[in-house]
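Can you make the complete structure from the sequences, with help from the hints?
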Amino acid sequence: MNSKGQLFTTNLLLWIIIITIILGITVYLISVINNYEVQNSDDYELIQITDNTLDMLVKTEGSPTNWESLSSDKIESPGLKVDNSTDVSYKKLIKLEEDSNLLKKSLPAELKYVLILYPTNNKSNKTIINGNYISNSTNNVQSSSTSVIIDYGYKIYNFSDYNYNNTCPYNEFHNNQFHCIILNVDKSQLNNGNYYLVTRYSQSYKLSNTYNTTLEGITNQYTNINDKLNVLLCNETNDTIFIHVNGNIQDSYLVYDNGNDDNHLDSILNPLVYTLELRVAW
Amino acid sequence: MKLGNNGYITSILILLIIIPIIILLITVMIQYTDNIDKTTNNIESDQLKTITNDYKGQIESLTELTLTEVTSKVIQTKTPLVDSRKTIKEVLQQKIDLVSEKYKKNSFQTQCIINNVKQTSDPFIIEVDYTLNVQRVNNPEIKITTNNKVDASLVNPEHPVYDPLPTLKTGVTENNTLNKINYTNKLEQFLQNTNNSKLYENSISGCIIKKCPYENYAEHGHDKKIIQNCLDNHYYHESHDGLCLFCRLESKDTCDHMGLETFIIPTIIANNTTVTAPVSIDHVLLNGTNSSHYQGNSININNTIVLYLDDGHKSKYGL
Chain U
9 MNSKGQLFTT NLLLWIIIIT IILGITVYLI SVINNYEVQN SDDYELIQIT
59 DNTLDMLVKT EGSPTNWESL SSDKIESPGL KVDNSTDVSY KKLIKLEEDS
109 NLLKKSLPAE LKYVLILYPT NNKSNKTIIN GNYISNSTNN VQSSSTSVII
159 DYGYKIYNFS DYNYNNTCPY NEFHNNQFHC IILNVDKSQL NNGNYYLVTR
209 YSQSYKLSNT YNTTLEGITN QYTNINDKLN VLLCNETNDT IFIHVNGNIQ
259 DSYLVYDNGN DDNHLDSILN PLVYTLELRV AW
Chain L
842 MKLGNNGYIT SILILLIIIP IIILLITVMI QYTDNIDKTT NNIESDQLKT
892 ITNDYKGQIE SLTELTLTEV TSKVIQTKTP LVDSRKTIKE VLQQKIDLVS
942 EKYKKNSFQT QCIINNVKQT SDPFIIEVDY TLNVQRVNNP EIKITTNNKV
992 DASLVNPEHP VYDPLPTLKT GVTENNTLNK INYTNKLEQF LQNTNNSKLY
1042 ENSISGCIIK KCPYENYAEH GHDKKIIQNC LDNHYYHESH DGLCLFCRLE
1092 SKDTCDHMGL ETFIIPTIIA NNTTVTAPVS IDHVLLNGTN SSHYQGNSIN
1142 INNTIVLYLD DGHKSKYGL
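Protein chains in written order, with my numbering: chain U, 9 to 290; chain L, 842 to 1160.
Just so you know, these hints were derived from the structure itself, not from any lab. A quick note: this is a predicted structure, and the numbers were derived from the prediction, not measured.
Example chain U residues on the side facing chain L (calculated, C-beta under 7 Å, incomplete):
1) Leu31
2) Ile41
3) Asn246
4) Thr248
What follows is a set of in silico ranges between Cβ atoms, one per label pair, in the way DEER data are often shown:
5) Glu968(L) <-> Asp169(U): 22 to 32 Å
6) Ile136(U) <-> Gln872(L): 30 to 40 Å
7) Thr1095(L) <-> Gln229(U): 48 to 58 Å
Even glycine gets a Cβ: it sits at the ideal position worked out from N, Cα and C.
Below you can see the structure in the form of structure tokens.
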């Protein structure tokens, strides 16, 4: 073989094969990376939609304010947060559960979605708040979840947050281990809702008005004190009421419920942490 | 190129192999950088939101602290402020600047400007308007600018707000720890021989602004227990004629805003129960205009306390 034939040696053919293989692998890998990038971009968009929607739900109050009492067409955004709190509103959750279109407005039309609520310590007890169930086998599902505490709309006063020792006009009660909350009570409040004393244990209590009248009783876990308050208000439209309980004040609460829903009073003594999960898929 | 030399061909071929590998590496690196950037941006945006919320809480707390310090200092120096809003704004700004310095150490450039400190329709609350700019030092694209307002309370027990008016008007020295001012003969002298001003010798009032829990003021008259409790605790009440905190700090006689009033309790009981004396309310007794010390009739609270009130205040407090 003369020197011109050297270009087609076995050595060269081997190199060409190796280059072809490497180029092939490179093209394949770039194609895979591209696909991965496209998939990643889709996933990222889906994650963003999921996170942002869940943020909107649990971190905003929604608009307009009190949207839970409006019809669907007037609602712009169904934020669940209670004003000046990190809790989510039970009334808003119920409204969201009743109106299937509410969440749809906040998500792209072609997206499948489901909003699920369950007690964090009991995952099997799931409630679908909005949307339709998406199984785990569905392709490209993204889910995001956050822990929430539900506010049932009760106005809650914990006796341990108040210290009227030495400043209460009924200070003689305080000498006998009573602690109090001083509250201005309006007749209309009694007509529109109920006051409860919520205590873990049975405790004696005294209710007094500014006319030096005192009514006494013993608490059960949940004691409705509306009748006694009505007696103390007499013919006044409002009065300052001194509410004293004896003993353990850490687990003693005064609760006002204007939603006529006493089914969740146990949540005050035994609060449950829930998980709100949003699942979306293309 | 010398094809007859195997070494050259090998070099060229190796170069050809390296090029696609470099392209591959660059592609992978760009993708990783992009992902890291997205994650970093998300984390930094969350941090900005957290800082914005932190500021809101800090401004409320620092405003209350500022009010404690400013009112305490005015009482110590016994010198009224010329422009109380401006002074409070400046002291608050200094405190906020210290907070901003701390954030700077954490790679955030924050600037919070206190625009305004003003009274609200509730004299126990003042409003602070501020502008907050937060941006990442090494990533100026991530930034938040917000105009916001915060309500600060005058009656947070953690940051007691002292009433400077008794000291500024009469020169009496306050004992902040007892929440009680004994005017000795200072108030009597201030009243300049107004009819029966002598009854206010050794009179007492409170020095910490505390909100009266009896929101319907007429309840004071329901039972002696209630008015006694109000007087014992030296509570303050809303009043159109009373002075707001800013006007108290400036030692004014009148105030256009919704203000506060409290009882000044005489400790001398006149022999004659039909006697009249200047009305036992601070904005009446501590008014620098002599003609403003109008008279009131005596009301026995108990064996040791008699208040003097005009018809308007009697009606207001149900006495």
